[in-house]
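Asker: These are the residues of each chain, in order.
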Amino acid sequence: MSASASPTLASWVVLGVAGALAGVVLGEPALAALGAPFALAAVAGIALARDPRIRVRASVRPERMLEGDEALVTYDVHADGGSEWLELRPLLAPGLVAQEGAAARVLRIAPGDHRLVDLPVRAERWGGLVVGGARVRGAGVLGAVWFTGTATGDAAVRVLPGIERLRTLVTPARTQAAVGPRRSSARGDGLELAEVRPWVPGDHARRLHWRATARRGEPHVAERHPERAADVLIFLDTFADLPSPPAREGALTLAVRAAAGLAEAHLRVRDRVGVVAFGGVLNWLAPGSGVAHALRIADALARSEVFMSYVAHDVAMVPPAILPSRALVLAITPLLDERGARALLDLCARGHDVTVIEIDAPALLGRGRDPVTRLWMLRRAAMRARLAELGATTAIWDGDRPLEAVLGEVTAFRRASRLAAHG
Amino acid sequence: VAAAVALGAVLVEPTGAGVVLGAAGLALLAVRHPAALAGGLAALAVAAAVSLDQGAPSAAAPLWGAALLVAGALAERALTLPGDGEVEIDALLGWLAGLGILAGVGLAAGALVLLGATTSAGSAAVGLAAGAVLAVVPAALARRRLGRGGRGAR
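These protein sequence lines are chains A and B, in that order. Going by the working numbering, 50 is the number at position 50 of the first sequence; the sequence numbering is gapless. Going by the working numbering, 453 is the number at position 30 of the second sequence; the sequence numbering is gapless.
Just so you know, these hints were derived from the structure itself, not from any lab. Possibly wrong hints are sitting among the right ones.
What the hints assert, rightly or not - Quick list of the computed label-pair ranges, beta carbon to beta carbon: (1) B:Ala450 to A:Arg374: 56 to 64 Å; (2) A:Glu305 to B:Ala426: 54 to 62 Å; (3) A:Thr74 to B:Ala450: 42 to 50 Å; (4) B:Leu504 to A:Val281: 37 to 45 Å; (5) A:Ser2 to B:Ile524: 24 to 32 Å; (6) B:Leu519 to A:Ser2: 23 to 31 Å; (7) A:Thr148 to B:Ala450: 28 to 36 Å; (8) A:Leu21 to B:Val528: 21 to 29 Å; (9) B:Ala426 to A:Thr148: 27 to 35 Å; (10) A:Leu295 to B:Leu504: 37 to 45 Å; (11) B:Val454 to A:Leu21: 24 to 32 Å; (12) B:Arg455 to A:Pro371: 48 to 56 Å; (13) A:Arg165 to B:Arg455: 47 to 55 Å; (14) B:Leu519 to A:Arg303: 42 to 50 Å.
To be verified - Covered by chain A, per the in silico footprint, the following chain B stretches (three or more residues, Cβ under 8 Å): (15) 458–465; (16) 490–497; (17) 508–517; (18) 527–538.
Note that CB positions come from ideal geometry on N, CA and C, so glycine has one too.
Use the sequences and the hints to build the structure in full.
Answerer: Structural data, given as structure tokens:
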């Protein structure tokens, strides 16, 4: 810890010396008597000052929480030298704020003793945060010399984004081979009736539709839709973010919030959900299901960050196991970086079932319709048109509307497209 | 406390400089800044010195000195206290007790200086006190150094 003079120590020294000098020079003992308490305080303050030798360790609980939740940071303060006046100020990561009255704590600690200090904090923003850092300042009983130091934090806390609970989901166009809850468009053994057709050699007798057979006078069989699992891949474009405007959330925050909501909703209907954060750094999580996988996804999304990079990533870098061929790709992008847009075009060209939820960057910026903005918006519209040409469904989300409404638009559009395709 | 010192100094021996310095000192103490705190203390001390020089009773000097010491310590703590925090009662009481002892000892030191300068009996007492201080301070420093070395050896 580094020692420094308190704001009054210099005054004490100056007034003590000045009083003594003035008393001698002016021959006025009262002036020396006026300065004597200061001189005594300065001498005693320096003589009695001792390094409190403070060590601070911190823990936080819970280690995983939602935006807006509260956590308790517990500092274990050891003072080998003791301190009559010890100020502990937590150094909180951006996104965490101290509760009212908990921005600092002043305590007294005996030599060799240790104290547990609980300071409640509130999570204001999602993300993976390191907490437990603190600035400490100790002083003796006279407070003439301050000993200050900074403890670095090593306790990690994951703040998961608050999500909108979605009921409308984008139905995957294709399902996987594994058994699951979704009705497959294929024909096979299942519960839901697809059609009744004449019997052909090779059809199993159990599939005979007795009512149609009796009515038509010749054997008919019932075709059914099998129940299959679907894979959903959430593709998060993390190449660029927009600075968060006042009273609005940034593009990445909106994207993560949407991704978390979509993941939670698809896992709820027992789809297998994977995540690819496609940006300066490529992160992925293989499709899976269950409660543990939901936590893994939440952790992965909480770690999402924008890393500045000039590396041109390609979709081919994503392992095939992460990107199943029949998966529904739900891409969330602010369309700010050409590389993210190119990756989406690549996915469409490879035949994936792609739905793009575009974060409305111009609305977030709130700029006027100057020529530069209009040109930028035209480029975005052109990119949207290219995606649509390649079969992607696109929808724009500005963060103000519920995501549910956007998904409703997407679902309606996909249904209409399917009907149009079937004539 | 500072206002009491300023008023005392001004009322006992009213001078224009004393009034100006007292008012300036109080105003500076109200500003929450370390430099202003030092300036305010100095201004109040000079106001008291002017009053003493103009004929105020010498017996007031130790009292004013100790009071200014307390005022400065209180202002400094008010300056450095966390705005949105909590002070445990043990720490506050310990500090106040220390401040009280410091003020008392400071008052005694001032009185001793005054006594020593004005009476022959006092000179001997001051000499003894100065000798005690000169003996105690190096002893305290030596004890600290010894203690630090001992812990390091373990």
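Asker: Each hint should be assessed against the structure and marked as holding or not.
Answerer: Against the structure, the hints:
A hinted range of 56 to 64 Å for the beta carbons of alanine 450 (chain B) and arginine 374 (chain A) is consistent with their spacing of about 58 Å. At roughly 55 Å, the beta-carbon separation of glutamate 305 (chain A) and alanine 426 (chain B) lies within the given 54 to 62 Å, and the hint holds. At about 43 Å, the CB distance of threonine 74 (chain A) to alanine 450 (chain B) agrees with the hint of 42 to 50 Å. Remark: the range hint 37 to 45 Å for leucine 504 (chain B) to valine 281 (chain A) is upheld by a beta-carbon distance near 44 Å.
In this structure, serine 2 (chain A) and isoleucine 524 (chain B) meet the distance hint of 24 to 32 Å, their C-beta atoms being roughly 27 Å apart. For leucine 519 (chain B) and serine 2 (chain A), the hinted distance range of 23 to 31 Å is satisfied, since their beta carbons lie about 27 Å from each other. Between threonine 148 (chain A) and alanine 450 (chain B) the beta carbons are some 30 Å apart, a value that agrees with the proposed interval 28 to 36 Å. Here the CB-CB span from leucine 21 (chain A) to valine 528 (chain B) is close to 22 Å, well matched to the stated 21 to 29 Å.
For the hinted restraint 27 to 35 Å between alanine 426 (chain B) and threonine 148 (chain A), the CB-CB distance of approximately 32 Å keeps it satisfied. The given range of 37 to 45 Å is respected by leucine 295 (chain A) and leucine 504 (chain B), whose C-beta atoms sit roughly 42 Å from each other. Evaluation of the 24 to 32 Å hint for valine 454 (chain B) and leucine 21 (chain A) yields a pass: the beta carbon distance comes to about 28 Å. Distance hint check: the CB atoms of arginine 455 (chain B) and proline 371 (chain A) are about 50 Å apart, consistent with the given range 48 to 56 Å.
Checked against the hint of 47 to 55 Å, the pair arginine 165 (chain A) and arginine 455 (chain B) passes, with Cβ atoms roughly 48 Å apart. At roughly 49 Å, the beta carbons of leucine 519 (chain B) and arginine 303 (chain A) sit within the given window of 42 to 50 Å. By the rule of at least three residues with a Cβ nearer than 8 Å to a Cβ of chain A, the coverage given for the segment 458–465 of chain B holds, with 4 such residues. Judged by the Cβ-Cβ criterion of 8 Å, the segment 490–497 of chain B is covered by chain A as claimed, because 4 of its residues qualify and three suffice.
Given a C-beta distance limit of less than 8 Å, the hint that chain A covers the segment 508–517 of chain B holds, as 8 residues qualify and 3 suffice. Given as covered by chain A, the segment 527–538 of chain B passes the check, having 9 residues with a CB less than 8 Å from a CB of that chain where 3 are the minimum.
When held up to the earlier numbered hints, the structure conflicts with none and fits them all.
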